[in-house]
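So the chains spell out like this:
Number of protein chains: 2
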Amino acid sequence: MAKPRPMTDADYEALALGAWILGTGGGGDPYHSLLEMRTLAREGRTVWLLDPLDLEDDALVAVVGQMGAPLVIQEKMTDAHVMAETIRLMERHLGRRFTAIALWEIGGNNAFQPFLAAALLDLPVVDADAMGRAFPQADMTTFAICDLPSYPWTMVDIRRNTIVFVEAEDWYWMERMTRKACTVFGSVAATCKAPRTGREIKECTILHTVSKAIRIGHVVQHARARHGDPVAALLASEGGLRLFHGKVTDVYRRTTEGYLRGSAEIEGLQEDRGSTFVLDFQNEFVIGRQDGTVRVTAPDLICVLDSVSGDAIGTETLRYGQRVTVVALPAPPLLVSEKGLQHVGPRAFGYDVNFRSVFDGAAW
Amino acid sequence: MAKPRPMTDADYEALALGAWILGTGGGGDPYHSLLEMRTLAREGRTVWLLDPLDLEDDALVAVVGQMGAPLVIQEKMTDAHVMAETIRLMERHLGRRFTAIALWEIGGNNAFQPFLAAALLDLPVVDADAMGRAFPQADMTTFAICDLPSYPWTMVDIRRNTIVFVEAEDWYWMERMTRKACTVFGSVAATCKAPRTGREIKECTILHTVSKAIRIGHVVQHARARHGDPVAALLASEGGLRLFHGKVTDVYRRTTEGYLRGSAEIEGLQEDRGSTFVLDFQNEFVIGRQDGTVRVTAPDLICVLDSVSGDAIGTETLRYGQRVTVVALPAPPLLVSEKGLQHVGPRAFGYDVNFRSVFDGAAW
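Chain order of the listed sequences is Z and E.
Just so we're on the same page, the numbering used here is the position in the first sequence counted from 1, plus 4.
Just so we're on the same page, the numbering used here is the position in the second sequence counted from 1, plus 4.
Please keep in mind that the hints were generated in silico from the structure rather than gathered at the bench.
Think of the CB as a built atom: it goes at the ideal place given N, C-alpha and C, for glycine as much as any other residue.
One or more hints might be untrue.
[Claimed, not checked] Sample of chain E residues at the chain Z side, in silico, Cβ under 8 angstroms:
id, residue
1, V168
2, V170
3, A185
4, D233
5, A237
All chains should be built: construct the whole structure from the sequences, respecting the hints.
This is the structure in structure tokens:
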């Protein structure tokens, strides 16, 4: 049984780096939340990281995250107080108190939201999340894959607007309702998702993803410090694959219906010269085609990294001229199960393509 | 002090007729709700009508109504159980019980929603509403005009989706949030609006509008029974004005963003031959122009009636060939006050026109 441990400043720095890579282009750059977390830590607000396997079966766990379009989240931020308020509102609605906070989404900015709220509420954070990466929709979580109830949710914006989604027909309806509300709020809102028991957290999340993100952050940091190749170090550490290396030559991007949608074109350099890689995104990178042929799809993690620094590049910060390396990291097993693929496979994103993992070895 | 009285079958029949006229084209045809009310009455469920002036100051009063596009409400109906559930949900949220139910909107179908819920919940209905007619938006109510709090609201759809809007920045935000949610539900939802005290009902509603609608219904019924002119009888009873008489020659209508918007063209007959009247609507009739000149605007009640039967014609049932009489009924004084006009005057509907009542006698 692992002891709870206090999160350190170094942990947060590494978490920001690693979570942004696990965001697969989405989830929003954690930078602003890292700044806020630094401030809270400097005020002496220590957050403890809890191993999910140490949770009591009947523990009551809050699950929080921002929702919205990454591009908007960069400009119109919620903060720790707004996020904490979603949890307080849920406690008032339930008439019960939470014992811990878990992550909705390890990928991107949402990796920090539980820590920000926890710093104010003095609750531990559970080392687990419901995606193992970032995804654009609530019905793409492990909770949805495991058919756990989707409700209640609370939602708070930066004004005084607060909503409790008391009940929903299913995950699809919860997603529809909350997405529209989020759009009304200007495509960004703070949410406390359906409360979970300790047992549900242990059985229906991706375990230890905070530790994984911190590990990834450290690997990249160390490679940089040694003037090594951070991308190569990441791939070696996580069993990833290098898919393409090139220069961003075109980006088509629009913020619509609470999502950031579009595509990016990358022209090959060096060993990939003469070849073109096109990535479609719906907040996150969903599908990559090389010279017109599908090469990789969700739920495999498709990450676009700065070829030199190994920093993740988000779908909202992609721009002409960037030298990037497209890599794939393996998806957690639950996501590539038959039930998992119904929720997060390419068809769930509207692509008439069967999922075949780049890690299966077979060519497309 | 008036005694509470039981609503009779004859009351409901007259209410349906009168409320539809007060709907000024919107609020939806009460016919289907009348059918449901007849069924509940036949089961022995008697609803008592309460004079608002008899309410204790600290009584807790529910205010309910459907929201959505009238055209949709004709096809996808909520029912008494859904409406009652909005009240039960509000009671759970508040931790208090209601003593009575008031009307959100006397105009159209919403005249019946409090009676349908009351029949199931065994609560009296208060003879007052927050519009004195129908309007498309929450910020167009007497509660908004009186600057009462806009929250909380509960919303229930015909599935299992239920929402509590716990707090809102203002009436405008409450309208935006709930309208979007309503759109997600297919442009129809049942809602329990912000609870009111007895004192607020007495001071910030249009009083005795249920009685008024029933009176209007009786006037039209009696004129028909005597083979008289129901339109003339209505105008005599309510101090109304006949504006135009003609044949509907064109209707432009679209259901968009949870509203029914459009315009209708009427070619003059008899004394109005050679003249054209154009009515714009946003759920309700908002503005009428005769030969290009503004003749009447909200909040004056603009009603389109079947020239023979005196039946109201809704913005969703207007069609080519109908012989209609356009009439105006006086708006309640609160609506034409300076503060009232900020909420329900022509500018609130996007028209760059000052309000001048047709009852002021001055020509436009």
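Consistency of the hints with the structure:
no.: 1; hint: V168; verdict: holds (4 angstroms)
no.: 2; hint: V170; verdict: holds (4 angstroms)
no.: 3; hint: A185; verdict: holds (6 angstroms)
no.: 4; hint: D233; verdict: violated (48 angstroms)
no.: 5; hint: A237; verdict: violated (45 angstroms)
The structure fails hints 4, 5 (numbered hints given earlier, in ascending order).
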